[in-house]
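> What follows is the residue order along each chain.
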Amino acid sequence: MSALTKNNFILKISEITKTVPIDEVGVEERVARLNSRSIKKESKVQALKLALSMIDLTTLEGMDTPGKVIQLCQKAKEPHAALPDLPTVAAVCVYPNMVPVAKKALRGTNINVASVATAFPSGMSTLDAKLEETQQVVEDGADEVDMVISRGEFLKGNYSYVYDEIVAVKEACGDAHLKVILETGELQTYENVRKASDLAMHAGADFIKTSTGKVKPAATQPVTLVMLEAIRDYFYDTGRMVGMKPAGGIRKAKQAIQYLVLVKETLGTDWLTPEYFRFGASSLTNDLLMQIVKQQTGVYQGVEYFSND
Amino acid sequence: MSEDSKQAEAVEEKPYKPTSPSTKLNFDGFWDYDDAPQSADHVEYKDQYELFIGGEFVAPEKDRYFDSLNPATEEKLTSFGEATQQDIDKAVKSARKAFDKSWSTLEPKERGKYIFRLARLIQERAREFAVLESMDGGKPIRESRDVDVPLAAAHFFYYAGWADKLDYAFPGKKAKPLGVAGQIIPWNFPLLMLAWKIAPALATGNTVVLKPAETTSLTALKFAELCQDAGLPDGVVNIVTGAGQTGSAIVNHDDIDKIAFTGSTEVGKIIKKSLAGTDKRYTLELGGKGPNIIFEDAPLDQAVEGIVNAIFFNQGHVCCAGSRLFVQEGIADTVVQKLRDRMETLIVGDPLDKNTDIGAINSEQQYNKINEYLEIGVNEGAEMYQSSCKIPETGYFCRPTLFTNVGQSNRIVQEEIFGPVLTVQTFRTAEEGIEKANNTPYGLAGGVWTDKGSKIFKTGSEIRNGVVWSNTYNKFDPTSPFGGYKESGEGREGGLQGLYPYVNLQ
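Sequence lines, in order, name chains A and B.
Going by the working numbering, 284 is the number at position 284 of the first sequence; the sequence numbering is gapless.
Going by the working numbering, 1382 is the number at position 382 of the second sequence; the sequence numbering is gapless.
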């Protein structure tokens, strides 16, 4: 998806950001209904492994160290030594200065390195600084860039600013995949979530992502459903598949399966791959592993048998 | 009229045909849910049920029984006694005796206690009732568990509360019970309809003779057991099973003071004829062909969900189903595309599976009737779309079906199908939508979808329906009255209004 031409620019932006009415009660009811799906037996095992393969194993702390990142990469490659047949996670997500460390640790694997950029998590910086940061992480080897939108500008109604910024970051990404973080916890309404999703997709996002994980509430299922429906409408209109990444607050295997049900019944099975769906989570990994072991052995293993990274 | 608007009208008269979309979602194959059946092991039911008269189970006078099938397996589930004239006499006599001797003279708050007890007993045995309801009637366990049974309990709780507060319901008047109520209920919501009938009747001090539908009598007789457990005085509730003739014997019985009927318009008309010239009070809750109107400013994804809920809830066996979809023309293609994709995700199959969205058609008779209508629709030139879902080989199952290219004059648009079959028409102006919506002998329920409050009030008040839902569909609550205009019935059930049909005000 290329940037919009100048001639129809104004019209297009207003078209893209047209308010799509969303009924809050209806969204929440739909989620509740989908949560009542009962996933058992083989379909549960399949879901647990699928969810594992969709994880962006993440560490985004001010006190992150190269050692911690290297250990996280180990976990990404081999989630649980006792179960050698498990899939690896999709990516390891780190701060920009840790990209070279992660890249080196993951050399020779299919696991991507994702880096947050554009003054994560607030996005309160100049466009030049954001572009420079993006170029830097891509140069250092990031396969995926997780940018944040300028929520201040968005809430102000300055949609063209937000749009231009995403287009520019996308350009700076080159071949790297761009995930656009909407920070839905700051967007106030489902209509705004929808609007920001539309804006990001039209500006070229490969993925849209709920949250930084630094703001509460982070990912919720109703917000995710609204975004999935935006992805569906965008697909109906353009034929292009955009990915989805709920991030933050997803800790339990049960929740992960509920998210997969949401994806399956909203967008269909084509989206059920790490190429189009990711979980931004770290503590989820261990619960998934624990449940997989439980499915195989019939008993829960103690938490101390799973590595904390 | 200008030339342009004439042309516009000419275009408008053509039935709506969707354009084929270039993009379609894929719901096939990968990651299908495994079976998740609700266990039925703990549920007990007898091979044969007798009639419940005067507080005990008694054999029918003629000793005739009829079988009841599980529509999902076509296997016999149990059998019920066939009540004939003599049995109805007995039941009415016992109800009359109970009315005179105990129930009408009981302290209102004591009556309330019994009804509260029934409500709690339903709650306590909710899972058992849900499983039986699904086995006997074919509805998905998700619905019997989450809708039918909890709502039935809620109705008893609600009317239990009214029992000693009738003076407040009718200020300045004294509410006197009528006497014996004859109640005939349909097969689509067996226990829930029983609750709708029995709870207000008991709360106001009447006694009842109730006939459940012949294909779904099981939960009514299970409820009879609850009446025994609750210690309800003998004869206050009598349950007689049988088909049309049994119902007719109730309707025509001299010592019955009130008839409450829920069922088809056809039978409703017969009942009304037989009641003409008698002093029996009556309420009729009959058929429907509900319009579901989607304006272009509606929240579309939620509207699609509402359309699905309106027509595919309980296999479409719902008198207030939104079986006629009216979509404003600008969004028709979008809505139909979304609807088709949504229909692909509906799971049709074993009613006891927790993931089933659409269960079995209630009986072979109904199954044949629906298929007849599908044929009629195709012969009328409508375009039929059915979801590609797998359906079980045995049992009565019907794919969710959508008809486009239909006209107002088509039979599938005019007649109640009572199955998972939706017709789609478009409209340009609100006036046109309202006119089409009202162009039906029915007037039970309808839906309006728009983001604009004023449009909700305008359309909602102009479509002649007893119930109008806005931005939702098929929501029920015991506090809310329910009933129809025109051939959809007379009288209201539920809420404060639901007390009127059971009292004489003095």
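For the record, the hints were derived by calculation from the structure and aren't laboratory data.
In this text, all values refer to a predicted model and were calculated from it rather than measured experimentally.
Note that the Cβ used here is the ideal one computed from N, Cα and C, for glycine as well.
Do not take every clue at face value.
Unchecked claim - Okay, derived cross-link-like pairs now, EDC-like style, lysine to aspartate or glutamate, Cα gap no bigger than 16 Å in a straight line:
hint, chain 1, residue 1, chain 2, residue 2
1, A, K40, B, D1034
2, A, K18, B, E1375
3, A, K49, A, D85
4, A, K41, B, E1296
5, B, K1452, B, E1296
6, A, K18, B, D1032
To be verified - If we take Cβ atoms under 8 Å as the criterion, some of the chain B residues that face chain A in the derived model are:
hint, residue
7, P1015
8, K1017
9, T1019
10, S1020
11, L1025
12, W1031
13, Y1033
14, D1047
15, S1104
16, T1105
17, P1108
18, Q1337
> Confirm or reject each hint.
Going down the list of hints, with the structure as the test:
no. : hint              : in the structure
1   : A:K40 x B:D1034   : holds (6 Å)
2   : A:K18 x B:E1375   : violated (43 Å)
3   : A:K49 x A:D85     : holds (10 Å)
4   : A:K41 x B:E1296   : violated (43 Å)
5   : B:K1452 x B:E1296 : holds (10 Å)
6   : A:K18 x B:D1032   : violated (36 Å)
7   : P1015             : violated (24 Å)
8   : K1017             : violated (19 Å)
9   : T1019             : violated (13 Å)
10  : S1020             : violated (13 Å)
11  : L1025             : holds (4 Å)
12  : W1031             : holds (6 Å)
13  : Y1033             : holds (5 Å)
14  : D1047             : violated (31 Å)
15  : S1104             : violated (43 Å)
16  : T1105             : violated (46 Å)
17  : P1108             : violated (37 Å)
18  : Q1337             : holds (7 Å)
Going through the hint list in order, the structure does not satisfy hints 2, 4, 6, 7, 8, 9, 10, 14, 15, 16 and 17.
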